[in-house]
Amino acid sequence: MMMNEGTPAISIDRLTKRYGQTLAVESLSLSVPQGTIFGLLGTNGAGKTTTFKCMLGLARPSEGSVSFEGRPLTPPLFERLAYVPEKCALYEWMTGAQLLEMQRRSFSRYDDKRANELMDLFALDRKKKLGKFSKGQQTAMALVLAFSIHPEILVLDEPAAGLDPVHQRHVLDLIIGESAGGATVVFSSHQIGQVERAAERVAIMHQGTLRLAGEVEQLKSDLKVVEATFDTDAPSLNGLSAEPSVGQIQRAGRLVRVYVKGNGDEIARKIGDMHPRSVRILDQNLEDIFLTTVGSSGSAMAADVAGASGR
Amino acid sequence: MRYTQTLRMLNGLKWLAIVFAAFYALVVIIAASNGFLGHIPHGDKKFEIPLPALFALAAFVTCIFCSSYGRTLSSENEDHLPVVWTRPKSRLQTTLTIVGVDSLGMLAAFAMYLLLTAVFITTFQVWHYVTVPSDALAQFGRYIVQPFAFYALVMALTASTGCAGRGLVGWFWVGAIFLGILAASPFIPNPWHAIFNYVNFLNPLAYGSYHTTSGTETINVMGGPTPTYVAGLAPVMDAAALLILFAAGLTLGLIQWRRLEA
Amino acid sequence: MPSIFTVDPHSGVPIYLQLIEQVKRSVALGVLTPGEQLPTVKQLALDLTINANTVGRVYRELERDGVIETSPGRGSFVRDNGGVGRATRAASDVAAAALDTAVREAKSIGIAADDAIALFRKALARWYPGSHDMENR
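Protein chains in written order, with our numbering: chain P, 1 to 311; chain B, 1001 to 1262; chain Y, 2001 to 2137.
Nothing false has been slipped in among the hints.
Simulated crosslink set (DSBU-like; lysine-lysine; CA at most 30 Å straight-line): (1) P:Lys261 with Y:Lys2107; (2) Y:Lys2107 with Y:Lys2122; (3) P:Lys129 with B:Lys1089; (4) P:Lys135 with B:Lys1089; (5) P:Lys132 with P:Lys113; (6) P:Lys270 with Y:Lys2107; (7) P:Lys127 with B:Lys1089; (8) P:Lys128 with P:Lys113; (9) P:Lys127 with B:Lys1014; (10) P:Lys128 with P:Lys87; (11) P:Lys113 with Y:Lys2042; (12) B:Lys1014 with P:Lys132; (13) B:Lys1014 with P:Lys128; (14) P:Lys132 with B:Lys1089; (15) B:Lys1089 with P:Lys113; (16) B:Lys1089 with P:Lys128; (17) P:Lys135 with P:Lys113; (18) B:Lys1014 with P:Lys129; (19) P:Lys87 with P:Lys132; (20) P:Lys127 with P:Lys87; (21) P:Lys135 with P:Lys87; (22) B:Lys1089 with B:Lys1014; (23) P:Lys113 with P:Lys87; (24) P:Lys113 with P:Lys129; (25) P:Lys87 with B:Lys1089; (26) P:Lys127 with P:Lys113; (27) P:Lys129 with P:Lys87.
Hints in this document: simulated from the structure, not taken from any laboratory.
Chain P on its own, in the form it takes in the complex (with noise of 0.2 Å):
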């Protein structure tokens, strides 16, 4: 039973996907390690939805594969691998208890225990019909159902959208206490704060391709800008761009930035050079990467920096 660790739990072969003329997903590789929490990041319309649907064969693959443990989806991987989708599925009609009846008749893992601790969790009632529910206690009974099997491969859609503060909290400490001890998770979130804490590793994507992958925080030692101040308009900093370090470059007057790759410092000291009035080195967060990668232009650096980490 036990996995060759160096197999991936998920793995993503050029995987396209398209609705008549339209691309949703184009040439999208990726892989997921075994136990690690993976951030799905990307503006409305990224191709996210439509990766986790490829992935869990709801839609069928333009071109492409997705495996798991090495090898394709079968039925039977269900009973250890639990979706929540973006959109709540679960029938209206049915009650919590219902809900949870259903969950325990089709998995051979599901914990009664575990499922009511959750439910008290999210303070849903087993009494209520689900469409008597609030969007966010729909969600809340999505991953109460998801959570209660022990899934050892967690795909969650936006699984905060919704939730107040507090269980979008709770929701973060259910995927972090899974993963400790060794699921697998894939989320998505336009939440990046979410994914900057949880995620150990996160893909970005944009318009259908992936623009960037990576160890979160192997991204934010790698990403840096250096931001330098001139006493006159700031020199022309043509001769920079050649470096393979550097990617964007944005100059605003007296103010110079450009995007590096790497600490920074060579750079930094390159400018220093110039005579600038003040040389900074600034710190990425996620956020910053993010827009940075979805950005009109400056993804090269980032396309570039998804090779050398991407497996």
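Start from chain P and add chains B and Y according to the hints.
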């Protein structure tokens, strides 16, 4: 999905029971207020209720009832596919489970209608009108399969739709009834009449007509005065044709369901 | 139990670096004493709501740096052999990092090296008022 489908099926039966009970109460109240209760006149010896006629009505009512069962795959497509398709069961297994549960529901609905009839007959004390012709068993075979064929064709028609399936079921009814009328109508010139007759082979409702003559009286149920081409077949042949429709409907439904994307 | 550590995940500084710095600081300040047991990886991850593998990495690096020791099955403890020396070293690590930031900041806004030294002496005089070094000047 057996649990969910069973809940859904029982819920349907609950509503059917409520409708039947309300109908019974209404009829009894109206009859009682006109002084009919238990006083149906005995004079006309030729009046009779052949048992297969009751089966035919039961089958028709069950067809109405299973219009909603037949749309189960389609109603799962109203946003529930991510739940249905992420269980450790293949789509084939899921479909077979649904069909199995619904089958029990259809048999129960059929039985409930017969029970309602029995209660009416008892209430109005008319058991002595009920006759059992020699082909009653074969007729029963045909009528018990009819709702299954109807169910499967509704499934075939709606399996790849979402809420649009609701409208389709309505149109299916309109189409089936209209086709039956066209096929039975003596005013249609012949090339067309023959075409309608052949197409009517696919119409599960067409297999429901029952007609018999006893003495000078002709009894027609679900068919109109002119028997359809199809109903002219022996009941066993009808049952076989209905079974083929059932199998074909399920297969078509399943093929669509397996190709469907959430 | 509230954790004695806090991290800012929304900072551009990797969480593991923040946490390593905090553990070292706690050891240096004696908030964590030699022999004291640290929370389990999972517990600390849940307390701080951060990835457990990140916490695992922190513990591994602290062990490599000789600040803590981990014995399988028992947990992680602040090292006590030469604990005082470790604490001193941890303290100087913390101080060095703070000074480095200050000097980098000074340089980035164009302070010349001599001026930076003058500023440093001024700060010393303020925080170490009895220092001999100061009186000599």
